[in-house]
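Construct the complete structure from the given sequences, taking the supplied hints into account.
So the protein lines, in turn, are chains A and R. Quick note on this note's numbering: the first sequence kicks off at 1 and runs consecutively. Quick note on this note's numbering: the second sequence kicks off at 1 and runs consecutively.
Note that these hints are calculated values from the structure, not bench results. A hint or two may mislead.
Unchecked claim - Pulled a few chain R residues facing chain A out of the computed Cβ check, cut under 8 Å:
#1 K12
#2 E47
#3 S50
#4 I53
#5 S128
#6 A137
#7 L222
#8 I244
#9 I258
#10 A259
#11 I267
Virtual Cβ for every residue (Gly too), placed ideally from N, Cα, C.
Each chain, written out:
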Amino acid sequence: MSFSYLVRRLLLSIPTILIVTVIVFVLVRLVPGDVVDLIIGTQKFLSEEQILKMYEDFGLDKPIFVQYFIWMKSMLSGNLGISLRTGEDVATMLLQRLPVTLELAFLSIFVSIIIGIPLGIISARKKNTFVDNLIKVVGLVGLSSPAFWIGTIFIVIFSFYFESFTIFGYVAFFENPMKNLQVFLLPSFTLGLMIAAQILRITRTSMIESLSMDYVKVAYSKGLGKNKVIYKHAFRNALSPIITVTGIQLGYLFGGSIVIENMFALPGLGRLLLQSVNQRDYPVIQAIILFIVIVIIILNLLIDFIYTIIDPRITLG
Amino acid sequence: MKGSKYMKRFLKNFIKNPLNMINLIIICALIFVSFFPSVIAPYNPLEMDSRSILEPPSFTHFFGTDQFGRDVFSRSIYGIQNSMIIALSSMIISALLGTLLGILSGYYGGWIDQVISRIIDAFFAFPSLVLALFIVALFGSSTFNLIIAIGIVYIPIFARTLRGATISIKELTFVKASKVVGKNNFKIMWTVVFPNVSSIFIVTFTTNFSTAILTEASLGFLGLGVPPPEPTLGGLVGQGTNFIIAAPWLTLLPGLLIAVIVLSINILGDGLRDVLDPKFQK
Numbered sequence: 001m002s003f004s005y006l007v008r009r010l011l012l013s014i015p016t017i018l019i020v021t022v023i024v025f026v027l028v029r030l031v032p033g034d035v036v037d038l039i040i041g042t043q044k045f046l047s048e049e050q051i052l053k054m055y056e057d058f059g060l061d062k063p064i065f066v067q068y069f070i071w072m073k074s075m076l077s078g079n080l081g082i083s084l085r086t087g088e089d090v091a092t093m094l095l096q097r098l099p100v101t102l103e104l105a106f107l108s109i110f111v112s113i114i115i116g117i118p119l120g121i122i123s124a125r126k127k128n129t130f131v132d133n134l135i136k137v138v139g140l141v142g143l144s145s146p147a148f149w150i151g152t153i154f155i156v157i158f159s160f161y162f163e164s165f166t167i168f169g170y171v172a173f174f175e176n177p178m179k180n181l182q183v184f185l186l187p188s189f190t191l192g193l194m195i196a197a198q199i200l201r202i203t204r205t206s207m208i209e210s211l212s213m214d215y216v217k218v219a220y221s222k223g224l225g226k227n228k229v230i231y232k233h234a235f236r237n238a239l240s241p242i243i244t245v246t247g248i249q250l251g252y253l254f255g256g257s258i259v260i261e262n263m264f265a266l267p268g269l270g271r272l273l274l275q276s277v278n279q280r281d282y283p284v285i286q287a288i289i290l291f292i293v294i295v296i297i298i299l300n301l302l303i304d305f306i307y308t309i310i311d312p313r314i315t316l317g
Numbered sequence: 001m002k003g004s005k006y007m008k009r010f011l012k013n014f015i016k017n018p019l020n021m022i023n024l025i026i027i028c029a030l031i032f033v034s035f036f037p038s039v040i041a042p043y044n045p046l047e048m049d050s051r052s053i054l055e056p057p058s059f060t061h062f063f064g065t066d067q068f069g070r071d072v073f074s075r076s077i078y079g080i081q082n083s084m085i086i087a088l089s090s091m092i093i094s095a096l097l098g099t100l101l102g103i104l105s106g107y108y109g110g111w112i113d114q115v116i117s118r119i120i121d122a123f124f125a126f127p128s129l130v131l132a133l134f135i136v137a138l139f140g141s142s143t144f145n146l147i148i149a150i151g152i153v154y155i156p157i158f159a160r161t162l163r164g165a166t167i168s169i170k171e172l173t174f175v176k177a178s179k180v181v182g183k184n185n186f187k188i189m190w191t192v193v194f195p196n197v198s199s200i201f202i203v204t205f206t207t208n209f210s211t212a213i214l215t216e217a218s219l220g221f222l223g224l225g226v227p228p229p230e231p232t233l234g235g236l237v238g239q240g241t242n243f244i245i246a247a248p249w250l251t252l253l254p255g256l257l258i259a260v261i262v263l264s265i266n267i268l269g270d271g272l273r274d275v276l277d278p279k280f281q282k
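See the structure below:
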């Protein structure tokens, strides 16, 4: 990997992150009524002077672009503001909820890879047979089913047929690892299945392409075993598009975690986001959205770098 | 003349696959239901009936009844209409703006491309559900706001895809020739570039239409969709989760409908892609 590419890619993501902050900042300010109106709404009997002082405290008396710089400065120093409802520090709230979402994301990706890649490879090896068609249909159904619907099916099945299984009731991993994994089982399968469908489809396409390449024929004619050819030669070459698609799914993962965390009562970022939305707690909403988007930008950057490690043919830039 | 020949080949390839035909029937049914829900729905979707509360599916109530005794099948049918209106209107917004931005930035290149691409990149970094939820959270959930929110969410996808397609054809002889002939840039973009990227446009429209339905359904499920008592499919599933053990049909059946609708649009998308997208042609 060339160093100049790394630098250029990093530099290109800076304007993207800046524009993201502008989008979030502007959208929040477009809302009719400002922070002060909201506080006045919750606390009556404020004098004219107190209200004016509040405008000053929040910097709302300054021009909007000055407000943006003040806001960015405090964001960069790790001050994400305080919750309008609870008065808690938003950064602390985020850090408390983050491990839950990360665990869900990690387990879901794990589930989607162990389901998607093997099925995709089988499908490609048995191209245009009954097995292939069956897997293709399963993939398409998985892709089309809303996660919340699959989740309800799981909940119904498990509450009717596996009564001793704990569906709800989050426990931290270090408190009780077994119980923690049990609680995460259904949510991560629910979220993982849709991503698995995407991975399955791209694995199939990409494997079919790479199995038809000359180097595969060469490998066979050298007398290498079938498994060695498929996994060592073909699969390795099919890997980059699979990683791209998995990377694109990270965004879906965060979106999906909002639905799944609320469905399975997991106290993560997604649940906090929906609670804040329902309470119109703008500093919290703004911080979570910004956090999610910046994490996605950074992860995509990392994926670009992983490419070059996996596929030495790519010398980016 | 060239167009009609193209159309014939397209139809021949499309009809060859029986799955496409079965699917076409489902799509036609879907369109019919969206236009005339009252013909299909046996009951008024808002009518409550205290004598039949949380009834399981039967011949009088195909999908059972909810906690107010409303017929879930009729609510689902009207829900389809609401969901289709929102998904289609927002797709039209994103298709119009996204295509315009994509062709502009692909055709002109240079600083116009840089500016548009950076903004598109920034919007692209938002997961679709997160951005839609953000906009709806800020401006309130009404049908109009939902359409705008989901419309904005899918602009970047159209812009990116159409930009790529425009770049790949703009150096071709027939585009250059139109310049030499003296056509102005906007005329070239509209009469030369767009018709030649239209197959990619159609595929992008179809594949994203299905995800727009899922986004709308997810917002409805989270309680941020069209406000009650108006039914939407996602909303029905969301409200049903309160009775998931006592009355699982409230969630399972409307959810099944969403899956079937999205599945058939996805199959249509796959079929169109196989036929239209040069990458998938053998």
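Hint by hint, here is what the structure shows:
At a threshold of 8 Å, the smallest CB-CB gap from K12 (chain R) to chain A is about 21 Å, leaving the interface hint violated. Nearest Cβ of chain A to the Cβ of E47 (chain R): about 26 Å, over the 8 Å cut. The hint is violated. Evaluation of the S50 (chain R) hint against chain A yields a violated restraint, the C-beta minimum of about 26 Å exceeding 8 Å. The restraint placing I53 (chain R) at the interface with chain A is violated, with a minimum CB-CB distance near 20 Å, outside the 8 Å limit.
Because the closest C-beta pair between S128 (chain R) and chain A is about 6 Å apart, less than 8 Å, the hint holds. Because the smallest distance between the Cβ of A137 (chain R) and any Cβ of chain A comes to about 4 Å, under 8 Å, the interface hint for this residue holds. At its closest, the beta carbon of L222 (chain R) sits 6 Å from a beta carbon of chain A; the interface hint therefore holds under the 8 Å criterion. Because the smallest distance between the Cβ of I244 (chain R) and any Cβ of chain A comes to about 6 Å, under 8 Å, the interface hint for this residue holds.
A cut of 8 Å between beta carbons decides the hint on I258 (chain R): the least distance to chain A is about 5 Å, and the hint holds. Restraint check, A259 (chain R) versus chain A: the minimum CB separation of about 4 Å is within 8 Å; hint holds. Restraint check, I267 (chain R) versus chain A: the minimum CB separation of about 7 Å is within 8 Å; hint holds.
Hints 1, 2, 3 and 4 from the list above are not met by this structure, while the remaining hints are.
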